[in-house]
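Whenever a hint applies, use it, and build me the whole structure from the sequences.
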Amino acid sequence: MSMINYAAREINCKIVYYGPGLGGKTTNLEHIYGKVKPETRGKLISLATENERTLFFDFLPVDLGTIRGFNTRFHLYTVPGQVYYNASRKLILKNVDGIVFVADSQLERMEANLESMQNLYDNMAEYGYDLTSMPFVIQYNKRDLPNAAPVSELQAALNPGWEPADPAKARLSPDPYHAGENLVSQLPTGEWVERAQYFKAVAIGGEGVFDTLKAVSKLVLKALA
Amino acid sequence: MQPAASSWSFEEDDLNAITRTISRFLAETGARSALLVDRSGQLVTTVGDPLGFDPTTFATLTAADFSANDQLARLIGETDFTTLFHQGERESMYVADIARRLILVVLFDNRTPIGLVRLKMKPAVEELTGHLDRAFSRARASGTTQPNILAGAGDEIDELFNW
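So the sequence lines, in the order shown, correspond to chains A and B.
End of the first sequence sits at 225 in our numbering; the numbers just go up one at a time, nothing left out.
End of the second sequence sits at 163 in our numbering; the numbers just go up one at a time, nothing left out.
Hints may be right or wrong, so weigh each one.
Stated by the list, open to error - Listed below are several chain B residues computed to face chain A (Cβ distance under 7 Å; list not exhaustive):
(1) Thr-56
(2) Thr-57
(3) Asp-133
Because the hints were derived from the structure by calculation, they are not lab data.
Since this is a predicted model, take the numbers as computed values, not measurements.
Even for Gly, the Cβ is constructed at its ideal location relative to N, Cα and C.
Below you can see the structure in the form of C-alpha cells.
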C-alpha cells in the first residue's frame, strides 16, 4: 500500500524482491546501493544470519526523483528465500505495491524457482492480493552461468501468463523491452494471454538490475496514476 | 473503530492534530521523542528531540518487530500484542498499536518511569485513534483520500525513468 504524505510531499511505495534461496535478491539490492548517489538512498539494512543468509529481510530506501513536486521514495525489501522462513516471508509481503521475482536461471534450480513462485502466489492470496493485477516483473538472474536454462524454457515454466481480466486488454501488446515479443498475445486456440514483464540479469555484475528496478517502479507509479 | 479504508493519506490538519497529541504526551511523561510509523514500515512523523539515528531504518525495523510479535501473539492464542516494551540500560522504548494501522514508538531514558508512560499512553492512543478515524472516514466518504496527484501523469512517469 503506497502512502502519500502530503505534509512531507512524499510518495512512499514498497517493492519486494521474492524468489528462491541464493537466487540473487540481496545481490540486486547491494548493486543498487553501490550505484545510486549516496544522497538519494538510505542505509542498506540486512537482517541476516552469520553466514549472510537473509533471516528476515534486507531493506534499502531509494529516492527515484520528483514528480509533481512529490519525492518518490521506494522501499526495497528482499525476503528470506529459504523454504523454512515462510512466516517471515509472508510478513514482508504485507502492503506491498510491487513484486520482483528473482529466478535463478540454473537448470538445477528450476524446481526451487517453481516452488518459490507457487509460494508467492499462495502468500499473496492469503492477503487477498492478486498478483496478476498488480505491478509484477520477473528477473532471470545468473544468465552468465553455463548451466543457465534457455529463457524460453524459464518463461514457459515461471511466466506462462494468465487470461487478461479486463476484456479491453485482449489485444496484441508489444513488450517494450524485447523486440518481437508481446506482453499480451493470442494463443492458436484463440485465448488471450497476458504475461509479466521479464528481464535477463547478471546481478552480481549489475546487468539488468536497474532495468528491473525501473520497470517495477514505473508500473507501481502508473498503478497510482 | 471501523475497518480502515484500503488507501488513505494525511492532510496537514491531521498531522497537526497528531503532533499536538504526541507533544502533550511527551511533555507529560518526560519522554524524549516519538515516532509514528505506518504498519508497512513507512515513517509518518517524528515528534520531540531530534533523533540521533536514521528514522527510515528505525521505522522499517519497528514495523517488522511489531508484525513478528503479532504472529507470536497468534501462536500463543492472542489476537495481537497491543503494546511492546524494550528495556535498555539507559534508553528504552515503548511501542503501541494505533487503530491497527499505525504504530507509536516512544523513546525515553531511565529518568522517565515506565509506569508513567503506560498510564499516559492509554488516553494518548485513544486520542490518536480519534484523529485517524476522522482521516479514514473522510477517505471513505470521498471515495478517495485526496485528489489523485498522479492522475494523468503517465508521460511524466515515463520521463522520470528516462535514465
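Each hint tested on the structure:
1. Thr-56: Status holds, d = 5 Å.
2. Thr-57: At about 5 Å, which falls below the 7 Å cut-off, the nearest Cβ of chain A leaves the hint on B/Thr-57 intact, so it holds.
3. Asp-133: It is violated, given that the least Cβ distance between B/Asp-133 and chain A is near 18 Å, above 7 Å.
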